[in-house]
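J.: For the protein sequence lines, the chains are A and B, in the order given.
According to full-length UniProt numbering, the first sequence is numbered sequentially starting from 1.
According to full-length UniProt numbering, the second sequence is numbered sequentially starting from 1.
Since the hints were made in silico from the structure, they are not lab data.
Be careful, since some hints might not be right.
Taking lysine-lysine pairs in the DSSO-like style, the calculated list, with each CA pair at most 30 Å apart, reads [claimed, not checked]:
1) B:Lys160 to A:Lys17
2) B:Lys13 to A:Lys106
3) A:Lys17 to A:Lys73
4) A:Lys50 to B:Lys90
5) A:Lys17 to B:Lys218
6) B:Lys220 to A:Lys106
7) B:Lys218 to A:Lys107
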Amino acid sequence: MIGVIDYGMGNLYSVSKALERLDVPYFLSARRDELMKADGLLLPGVGSFKDAMLILDETGLADFIREWAEQGKPLLGICLGMQLLYENSEENGYSEGLRLLKGSVKKIPYQTEQGEALKVPHMGWNSLNFVNSSFLLDESADPYAYFVHSYFVDETERDAVFASADYGVSVPAVVGKKNVFGTQFHPEKSSSLGMRILKNYTNYVTGKVNS
Amino acid sequence: MITKRIIPCLDVKDGRVVKGVQFLGLRDAGDPVELAAFYDSEGADELVFLDISASHEGRKTMVDVVSEVAAALAIPFTVGGGINTLDDMKKILRAGADKVSVNTAAVLRPELITEGAGFFGTQCIVTAIDAKYDDELGSWRVYTHGGRKPTSWEVTDWAKEAVARGAGEILLTSMDGDGSKAGFDNELNCAVSEAVSVPVIASGGAGNSQHFLDAFQKGKADAALAASIFHYKETSVAEVKRFLREQGVRVR
Chain A
1 MIGVIDYGMG NLYSVSKALE RLDVPYFLSA RRDELMKADG LLLPGVGSFK
51 DAMLILDETG LADFIREWAE QGKPLLGICL GMQLLYENSE ENGYSEGLRL
101 LKGSVKKIPY QTEQGEALKV PHMGWNSLNF VNSSFLLDES ADPYAYFVHS
151 YFVDETERDA VFASADYGVS VPAVVGKKNV FGTQFHPEKS SSLGMRILKN
201 YTNYVTGKVN S
Chain B
1 MITKRIIPCL DVKDGRVVKG VQFLGLRDAG DPVELAAFYD SEGADELVFL
51 DISASHEGRK TMVDVVSEVA AALAIPFTVG GGINTLDDMK KILRAGADKV
101 SVNTAAVLRP ELITEGAGFF GTQCIVTAID AKYDDELGSW RVYTHGGRKP
151 TSWEVTDWAK EAVARGAGEI LLTSMDGDGS KAGFDNELNC AVSEAVSVPV
201 IASGGAGNSQ HFLDAFQKGK ADAALAASIF HYKETSVAEV KRFLREQGVR
251 VR
């Protein structure tokens with residue numbers, strides 16, 4: 001059973017529908033006593049890092065998620081939900097994240113190192129470079145994912161990046177360490193590649209695959 | 001590398017796709033979900049639904065259409081038409097749309113963009129602009145109310161204002177080109193694309209695959225939208241993408 005953390009900052013409908021299409025049992029909740037009963041958690045997120053952390057801190061969900069992850073239980077963050085897994089972000093001024101993974105969230109530069117102008121948000125379909133193998137990814141599949149974000153994870157550990165996308169900078173796109181995972185793009189909006197990631201994650205949660 | 005997007009646009013009235021969609025092999029050519037799935041299977045990168053319902057009931061039906069489309073589709077889609085308030089945005093986004101597009105309401109009250117971006121994030125808020133060349137102005141003028149009312153805004157000024165307020169994308173329709181099938185207005189698209197830091201979707205005038213290539217190379221657009229040429233099967237999303245790929249444009 002997947003528990004989707006409902007803290008008011010996500011497009012829960014599209015994630016829920018994707019899980020239904022995959023025939024994966026799930027529930028939405030903001031309560032730790034309910035979320036405790038899940039086999040794996042999903043942390044969605046759309047909006048600003050600072051607002052999201054404020055809500056997670058105020059509701060006690062931040063502590064709950066940290067304890068959950070420290071107990072070795074599966075967690076997957078999506079989009080802003082992935083960024084929240086890191087140490088801090090410069091979005092709307094500095095704020096601390098959940099600190100489950102090493103790295104800082106920074107604004108995507110408006111130009112490449114060669115001085116070529118870049119549009120921000122990074123919006124649209126970008127191809128993934130497979131960096132480290134992971135049970136989440138099937139490298140033979142269609143490599144395109146749908147991104148829409150203005151901030152990216154910088155200064156992270158290379159070992160904890162499974163796939164990245166080039167957009168002036170190298171954008172960590174699928175990440176993870178031990179039992180904590182994230183995707184910068186929306187898997188539920190990323191056609192076959194995205195649906196496969198969700199399926200692989202839920203299989204991992206239910207013990208059908210090992211990391 | 002990021003790819004250029006091809007976006008079919010569907011007009012929806014009272015829950016049905018209208019404006020002559022001529023598809024064989026579909027059970028029901030007016031069903032938004034069936035058409036959305038068809039375009040998805042052809043390789044459309046995103047979809048835009050434009051609600052042209054005039055009635056309150058029609059608008060309510062649109063929310064149901066959005067949730068059905070969201071349940072069936074694993075690609076993003078935008079909903080525009082009749083979005084006048086933060087509450088309208090909430091209803092559409094909560095039903096499963098990825099972005100909402102605002103046009104007239106944003107010109108009349110630019111704070112709508114600020115509020116929407118603050119609440120849902122800039123990536124959710126598309127500003128649609130209808131523009132027409134104006135000799136007196138020596139540039140393109142912004143029109144509202146479906147192209148019926150001229151405003152005092154010059155197009156790049158309004159685009160910059162919208163982006164400063166939090167628009168994450170500009171959907172730019174050339175009123176001169178719309179329906180002409182003579183190609184996108186590359187000068188207009190280029191002017192706006194260079195004026196703003198967010199992606200620009202070119203719209204109005206698509207007649208063939210070459211026009212899409214021009215929109216990306218000459219018009220510097222990040223995405224291109226078309227309706228009738230796809231609906232009437234004059235070309236297909238797959239065909240346009242094949243041509244672009246041959247010409248060295250990166251597409252999915």
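J.: Starting from Lys17 (chain A), check that the Cα of Lys218 (chain B) is at most 30 Å away, please.
T.: 39 Å, violated
J.: Regarding the pair Lys220 (chain B) and Lys106 (chain A), is the alpha-carbon distance no greater than 30 Å?
T.: Roughly 27 Å between the alpha carbons, so the hint for Lys220 (chain B) and Lys106 (chain A) holds.
J.: Would the hint linking Lys218 (chain B) and Lys107 (chain A) be met if the CA-CA limit is 30 Å?
T.: 29 Å, holds
J.: Given the hinted pair Lys160 (chain B) and Lys17 (chain A), is their alpha-carbon gap at most 30 Å?
T.: 36 Å, violated
J.: Given the proposed pairing of Lys50 (chain A) with Lys90 (chain B), does the C-alpha separation stay at or below 30 Å?
T.: 21 Å, holds
J.: For the pair supplied as a hint, Lys17 (chain A) and Lys73 (chain A), confirm whether the alpha-carbon distance does not exceed 30 Å.
T.: 24 Å, holds
J.: Sort out whether Lys106 (chain A) lies within 30 Å of Lys13 (chain B), counting only the CA atoms.
T.: This hinted pair is violated, its Cα atoms lying about 42 Å apart.
In summary, the structure is inconsistent with hints 1, 2, 5 from the numbered list given earlier, while agreeing with the others.
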